[in-house]
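J.: Chain by chain, the residues:
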Amino acid sequence: MTDPIEKLPTHIPGFDLVALGGLSRGRTTLVTGTAGSGKTIFATQFLAHGILAGESAVFVTFEESPTEICRNVASMGWDIGSWEAAGRWAFVDASPQPAEETLVVGAFDLGALMARIEHAVRRVAAQRVSIDSLNAVFTRFDDRAAVRHELLRLVSGLKDIGVTTVMTSERSVDLRDGSEYGVEEFVVDNVIILRNTLEDEKRRRTLEILKFRGTGHQKGEFPFTVLADGGIVVIPLSAIELTQKSSNIRISSGNADLDGLCGGGFFRDSVILVSGATGTGKTLMCTEFIGGGAAAGERSLLLGYEESREQLFRNATGWGRDFGQMERDGLLRVGCMYPEAMQIEDHLLQIKKDIEQFKPARVAVDSLSALERVSTSRSFREFVIDLTSFIKEREIAGLFTATTPSLLGGASVTESHISTITDSIILLRYVELYGEMRRGITVLKMRGSPHDKQIREFLIDSDGMHIGNAFRNVVGILAGNPRTAPAGELDRVSHLFDAEA
Amino acid sequence: MTPLGNDSSSAPNGAAFVLTLYVTGQGARSQRAVANLRSLCDGLGELCELTVIDVLERPQMAEDERVLATPTVIRRLPLPPLRLIGDMSERDKVVRWLDLPLPVAAAEGEA
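Here the protein sequences come in this chain order: A and B. Per my numbering, residue 1 is the first one in the first sequence, and the count goes up by one each step. Per my numbering, residue 1 is the first one in the second sequence, and the count goes up by one each step.
A portion of the hints provided could be inaccurate.
[As the list claims (entries may be wrong)] Label pairs and their computed distance ranges (CB to CB):
{"hint": "1", "chain 1": "B", "residue 1": "P80", "chain 2": "A", "residue 2": "D346", "range": "49 to 57 Å"}
{"hint": "2", "chain 1": "A", "residue 1": "L210", "chain 2": "B", "residue 2": "A16", "range": "52 to 60 Å"}
{"hint": "3", "chain 1": "B", "residue 1": "D99", "chain 2": "A", "residue 2": "P96", "range": "21 to 29 Å"}
{"hint": "4", "chain 1": "B", "residue 1": "T51", "chain 2": "A", "residue 2": "H149", "range": "22 to 30 Å"}
{"hint": "5", "chain 1": "A", "residue 1": "A341", "chain 2": "B", "residue 2": "G25", "range": "56 to 64 Å"}
{"hint": "6", "chain 1": "A", "residue 1": "G87", "chain 2": "B", "residue 2": "G25", "range": "52 to 60 Å"}
{"hint": "7", "chain 1": "B", "residue 1": "P103", "chain 2": "A", "residue 2": "A86", "range": "50 to 58 Å"}
{"hint": "8", "chain 1": "A", "residue 1": "H149", "chain 2": "B", "residue 2": "G14", "range": "21 to 29 Å"}
These are computed hints drawn from the structure, not numbers from a lab. Heads up, the beta-carbon is just placed ideally off N, CA and C, and yes, glycines get one too.
Let the sequences and hints guide you as you build the complete structure.
T.: And the structure:
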């Protein structure tokens with residue numbers, strides 16, 4: 001009877017969720033991808049995070065010299081030099097030496113390489129080995145068949161000494177699978193593909209586990225990012241389960257009128273999407289939401305991607321809310337950033353970091369549409385799903401805003417992407433009546449609760465938002481062409497579905 | 001980094017050709033390489049000094065010299081250092097590459 005394959009946690013953030021526990025312990029995993037896809041970082045991080053978790057490691061380099069590697073990863077916070085000194089990291093330096101001329105005549109093997117790796121593994125008592133990269137081995141020796149055979153022996157030798165190994169190999173084109181030298185097919189049981197593709201003029205990095213022999217893994221491509229100060233972070237999207245508890249506790253939207261429309265307020269762990277054209281009052285809704293939190297002694301995190309901190313504070317003052325005081329009371333944290341400053345994956349990590357540090361009860365994002373500008377539609381959708389489940393898990397209420405492209409009516413792209421994910425949708429619309437622009441609000445959807453179905457007029461003054469009566473005699477507001485309906489017509493429609501007397 | 005690194009054109013014992021052969025274990029290929037190279041060296045008598053190193057026994061030596069494949073012979077002297085990988089079965093190629101003063105068959109397209 002053979003033992004089931006055990007997993008070794010890599011401690012690469014997010015990866016172990018995708019890999020259902022980590023890499024197969026005692027086996028070799030091939031990490032393949034085009035140039036610049038992050039292979040060397042993966043190989044190095046696998047070792048570095050192992051060391052941080054108390055293990056030891058051996059790095060076999062065929063490309064860069066050990067000095068170069070140490071220098072390249074120093075910014076990630078990995079001090080290889082000190083690990084070497086502490087006897088927990090060893091290099092096997094197989095980088096090219098242009099100085100000595102070499103001729104190959106007749107049969108050979110890579111016995112010396114294996115002996116050196118074994119020696120290094122024994123010296124530092126390593127559990128992890130990375131070999132970067134196989135291509136360099138192939139370019140060093142002409143006899144590909146012999147090299148393939150030798151790699152097979154190497155893989156089996158590594159298995160015998162019980163180390164968990166990551167090997168990298170580069171592909172010149174982004175094939176679905178298979179590698180240039182045909183290494184994956186028969187040398188290793190486990191293959192991971194890293195991709196770095198250009199989609200809609202935006203870079204998108206993904207990681208896919210192509211196969212894990214004899215053990216499970218999540219399927220498909222998972223986005224990842226490479227942090228300048230921490231290496232690879234995988235975003236384990238479909239690993240997120242819909243296990244959030246559903247809360248019946250209501251919290252105030254910060255506006256008594258709106259609470260009324262929503263049947264008593266928002267749910268504690270719900271995500272609300274507020275959609276409207278520019279100037280309809282989305283930022284106001286965020287401000288009210290935060291004000292409601294502060295009034296209840298709850299902390300709020302406001303993430304602004306459209307306006308500066310100063311603008312947000314001034315706006316709030318104009319609506320009778322004192323952000324400065326809330327901040328001093330520790331009830332508010334405001335983060336403002338240009339969407340273009342980072343990739344959307346990095347924004348997500350930043351938001352999560354802020355949430356974990358500040359532990360808010362409410363999160364407002366103004367606006368999602370600004371973030372959408374800097375991402376592909378797929379990345380954006382993944383961002384929203386991930387953020388939504390992250391805040392729900394923590395029973396945080398989220399209020400996201402989305403900007404509609406046209407002033408009157410119309411749905412935004414943002415909405416169509418995420419409307420099914422959010423629990424509630426509130427629409428803010430301009431209503432043109434008798435040569436005047438007025439504002440309307442309606443609760444389009446409120447999961448798990450009755451709510452007001454009318455489109456009501458609202459006013460904005462120095463106290464914030466005031467919701468008034470319904471536009472009873474106006475039709476076509478949501479369609480974007482409001483017009484007044486004659487009183488008789490209104491009367492007829494309102495009795496249309498009444499039972500016959 | 002030659003252990004015998006000095007400017008002299010011969011080793012302390014007077015050998016003009018100082019060779020180190022790295023092999024893995026005592027397998028057929030290792031033995032063949034040792035036998036092939038030793039027979040060449042024997043033909044040079046005092047001129048040639050050959051050391052055989054089994055990387056399984058002394059892996060640190062392979063690490064220090066960054067030997068990857070076996071069998072590998074490193075010609076430490078005369079300078080510049082040269083390497084030859086393989087089982088040394090093609091005698092004439094070995095002789096030419098290491099520039100050993102031994103008779104070879106007429107060159108065919110060899111430099």
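J.: State, for the Cβ atoms of P103 of chain B and A86 of chain A, whether the hinted interval 50 to 58 Å holds or is violated.
T.: holds (56 Å)
J.: Holds or violated: 22 to 30 Å for the Cβ distance of T51 of chain B and H149 of chain A?
T.: At roughly 28 Å between Cβ atoms, H149 of chain A and T51 of chain B fall inside 22 to 30 Å, so the hint holds.
J.: The hint says 52 to 60 Å between L210 of chain A and A16 of chain B; measuring C-beta to C-beta, is that right?
T.: Because 56 Å falls inside the window, the suggested range holds.
J.: For the hint 49 to 57 Å, verify it against the beta carbon of P80 of chain B and that of D346 of chain A.
T.: Holds, at about 50 Å.
J.: Should the hint that D99 of chain B and P96 of chain A are 21 to 29 Å apart at their CB atoms be regarded as holding?
T.: Holds - the Cβ-Cβ distance for D99 of chain B and P96 of chain A, about 24 Å, lies within 21 to 29 Å.
J.: For the hint 56 to 64 Å, verify it against the beta carbon of A341 of chain A and that of G25 of chain B.
T.: Once the Cβ atoms are compared, 58 Å apart, the range 56 to 64 Å for G25 of chain B and A341 of chain A holds.
J.: Mind checking the hinted window 21 to 29 Å against the Cβ distance between H149 of chain A and G14 of chain B?
T.: Between H149 of chain A and G14 of chain B, where Cβ atoms are some 42 Å apart, the hint is violated.
J.: Does the Cβ-Cβ separation between G87 of chain A and G25 of chain B fall within 52 to 60 Å?
T.: violated (28 Å)
Going down the numbered hints, you'll see the structure goes against 6 and 8, while the others check out.
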